[in-house]
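> The lines below spell out each chain.
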Amino acid sequence: MSSKKEKKLKFNAAWDLDPAPEDSKHVSIKKQYDLFINGEFVKPNSKKYFATYNPATDEKISEVADADEKDVDKAVKAARAAFGKWSKLSGKERGKYIYRIARLMQERAREFAVIETMDGGKPIRESRDIDVPLAANHFFYYAGWADKLEYAFPNRNPKPLGVAGQIIPWNFPLLMAAWKIAPALAAGNTVVLKPAETTPLTALKLAELIRDSGLPKGVVNIITGAGKTGAAIVNHPDIDKIAFTGSTNVGKWIQKSIAGTDKKCTLELGGKAANIIFEDAPLDQAVEGIINGIFFNQGHVCCAGSRLFVQESVADIVIRKLKDRMETLRVGDPMDKNTDIGAINSKQQLLKIQEYIEIGKNEGGEIYQPSCSLPKKGNFCKPTIFLNVSQSHRIVQEEIFGPVLAIQTFRTIEEVIEKANNIPYGLSAGVWTDKGSKIFNLTSKLKAGVVWANTYNKFDPTSPFGGYKESGFGREGGLHGLGAYLTI
Amino acid sequence: MARIEIQKTYKIYIGGQFPRTESGRYYPLKNKKGDVMANICLCSRKDFRNAEVAARGAQSGWGSRAAFNRAQILYRIAEMLEGRKEQFISELVLQGSTLAAAKKEVEISIDRMVYYSGWCDKFQAIYSSVNPVASSHFNFSVPEPTGVVAIIADETTSLLGLVTAIAPVIAGGNTCIVLASETKPLCAVTFAEVLNSSDLPGGVVNILTGTAAELHEHFSNHMDVNTVIYYRNNKAEIKTIKENASLNVKRVFVYNKINIATEKAESPYFIFDTQEIKTTWHPIENIGASKAGY
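Protein sequences appear in the order of chains S and B.
Heads up: the first sequence runs through residues 19 to 506, numbered per the numbering used here.
Heads up: the second sequence runs through residues -15 to 278, numbered per the numbering used here.
Warning: the hint list may mix true and false statements.
Here are the computed lysine-lysine pairs in the BS3-like style, where the Cα-Cα straight-line distance is at most 27 Å [unchecked claim]:
(1) S:K48 with S:K270
(2) B:K30 with S:K270
(3) B:K17 with B:K106
(4) S:K274 with B:K106
(5) S:K48 with S:K103
(6) B:K219 with S:K270
(7) B:K241 with S:K282
(8) S:K177 with S:K110
(9) S:K463 with B:K17
Rather than coming from a laboratory, the hints here were simulated on the basis of the structure.
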C-alpha cells in the first residue's frame, strides 16, 4: 500500500471515440406479433396486444399478443398432442431437428443480436459476442445428447416428463429461451414457453426460426404475456413440469402454487454473489473481474458479483484502481459497438435501482459514480459503487439487479467465508488469489452453485449452472442440465 | 426368587444425547393384548428446533470429513447393528412382526448400511464432471451435501425405514432430523444407541418420536432446513410440506412409491437427491489457439 499521493488519471479528456453504431436496417421486425401455437402464428383469444419499447430511446418497436388462460390452454393442448410422436421419435432424429435450430440461429446471429439489443437495451457487443452465440451453442450442445441419454444416467432408463411450461426473464431473453428449450427437446419433452413482457421479440423471432426449421408442429409453443399469462401456465393442470428463471419471490410463489400437484419443478432464482479479492490476487485482473462481475449487462444478472469483499491490506489500491477503471466505462447507446454499459431494461427497473441507490445513501453508504454523462432519452444509470457498508445494509442483503456494487473489506479468510455465506442466496461467487490451495479451500466452503476463481461471469453450454438455498434448485447446462427434463 | 426385570426407558436422540421430550408429553405403546410396553416421547416443535440446531452445528464437520472416514463410520454402524441383531429382532417381534419377518428386516437393514458405506467415497465419481468449456478455462462440477435434511420416515417398519432414510443422507455428508414410525417406535431408540456407539459424531443423526400429523408442519417451515424427505402417503401432509418448503426454497422429495424391502430402495440416486452440484471455473494460461485472459 502506497502512502504517496496518487495522481488522478483523466480519461476521455483529450479525445473521444466516434460513434460506431450497429446497423439495424437489415433486420425485419413486424408491427405486430401473434402467438406461436401448434406451428403457426395465431391471434390471441383475448384480442389484446401490448407494446414493447426500446429502453434506450423509449420508442415503440412492435406489439405482441397478450395470451389469456384460453390461449395458454390452447398452447398446452398443442404441446400435449405433439408429445406422443415427439417423445417416440428416435433420439437421432430429434437431435437432427435441434441441430437445425442451432445452425439457423448461427446463420441469423447478427439479426438476433440487433433485435436483442433494441428490445432489451444490452450493448450490441454483448448480444453479438455472448448472448446469441451462447444460445446457438446451447442448441448445438444439447442436440448431441438426444440419442445418448442413457449414458448420462448410469443404470437408469431415462424418460421424458411430458409438457414443460417454461417462464423466462428479461435479462438474457434469447439465451434463457435456449437454456430452457434445448435440453427439454433433447430429452423428448414438448414445451410452452413464455418470454418476459419487456423483451418478447427474440423469442418470437426464434418461433419464426423454429417454424422454418420444420420442427413438428406443437413441439415448441411460444406465447407472450405478463404475470397473468405465466400464472396460467403454472396452474394449468396438464403441465408436467415448470421451469422458471426469475426472481426469488416469484419462484417461491410457483413452488407454493404447485404444492398440491405432481408437477416437477426447477427454479433459477435471484442471487447476491460475493466477489472476494485477496491481497495476493493479480490486482489489475481482479479489477477487470469486479467490473465484469457487476457491470456486465447493466448488472441485470442473477449471478452478478454485487457484493465485493476486498482484503483490508489492498483495499485502498483496489478501490482506487476500480474508480479509475469506472471512469473509462462508456455508458450510452447500446447499438454502439464501443458501449460498455447500455440501457436499463425498463422504466420500472430503473426506478427500482434508483430507489436502492437512495436507500444506500440514506443508510450511510458512501456513494461513488464516474463523471460520465448519460443520454437524455431512455433508461440509463451510472455505474455505482458504495463504500462503508456492512452486512446489515439493505443494499448488501437484497438483490438490486442493476449496476450497483456494495463494497466491504475483510481481514481473515474465516471472516470472509462467514460473510459471503451469510445470505439467503447461493447462486455464485468469485475468488481472486494467486494461491491454488486457497482457491480450493474457498470454493469448497462457499455455498454457491458456481464459483469463478480468478475469472467472473463465464458461461458455457457444457457447464452446469444453478443455485444453492434460495437461489433455486436444479441445474441448467451440461450433463446435469438433462436431469431437469427426465424421469430417472 | 424370580428376578425383577429392568425395563428400558425409551427416549429421543438429539445432538448425541438421549433427552426426554422437552414437552413432557408421552404416548403409550401397547402390545396386541393391550398392555403398555413403553411410554414413548411425543415430541414437540421445540424438540424439532433443538434437533435442528444440533444438526446444523454438526453439518460442516461431518460434511468435510474424509469420505473414506464416513465410509468407515457407516460400516461401523453396520457392525454394531449386527452385534445387536437379537435385540432388534425381539423388539420387532414385540411390535407385531413374525420371527422370520423380523430377522429379514434386521438383515436387510444391516446389508443396506454396508451398501451405503461403500458409496460414501464413490458416488462423487459418478456424479462429477469435467466440463469441456469452449473458452480457456478449466471447469469442473462436483456434488456437495445440501445441508440439513428433515425426514419423516416410513410408518410401516420400525428399523428398515429408518436405515433406508438415514443412510443415503449421511453418506453424502448431510446431517438429519428423523421422525420415526409412530406405531413402531421401539427400534428407533435402540438404533440411536447403535449410532451413539459407532463413532458417528453427535448431531449428525437426530431421532424424534411422535406424530407426523403434528410435526410435518414444523419439519417443513423451519427456515434453516435445506431439504425435506417424506416417506408416507398422507396427501394433505405432502401438500403442506411442499407449500411450506417455498418459504425458503427447500428441496422436497416424496418417496412413497418405493417398496423399501426391495433393492429398489437402495441406489446412489438417493444420495444424489440430497446433493448440490457446484461448478468451479479457473483460467488456463496459453491454451491452444484461444485468447487467454482472466
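> Are the hints correct? Go through all of them and say.
These are the hints, each one checked on the structure:
{"no.": "1", "hint": "S:K48 with S:K270", "verdict": "violated, 36 Å"}
{"no.": "2", "hint": "B:K30 with S:K270", "verdict": "holds, 26 Å"}
{"no.": "3", "hint": "B:K17 with B:K106", "verdict": "violated, 48 Å"}
{"no.": "4", "hint": "S:K274 with B:K106", "verdict": "violated, 35 Å"}
{"no.": "5", "hint": "S:K48 with S:K103", "verdict": "violated, 32 Å"}
{"no.": "6", "hint": "B:K219 with S:K270", "verdict": "holds, 21 Å"}
{"no.": "7", "hint": "B:K241 with S:K282", "verdict": "holds, 16 Å"}
{"no.": "8", "hint": "S:K177 with S:K110", "verdict": "holds, 15 Å"}
{"no.": "9", "hint": "S:K463 with B:K17", "verdict": "violated, 55 Å"}
Going through the hint list in order, the structure does not satisfy hints 1, 3, 4, 5, 9.
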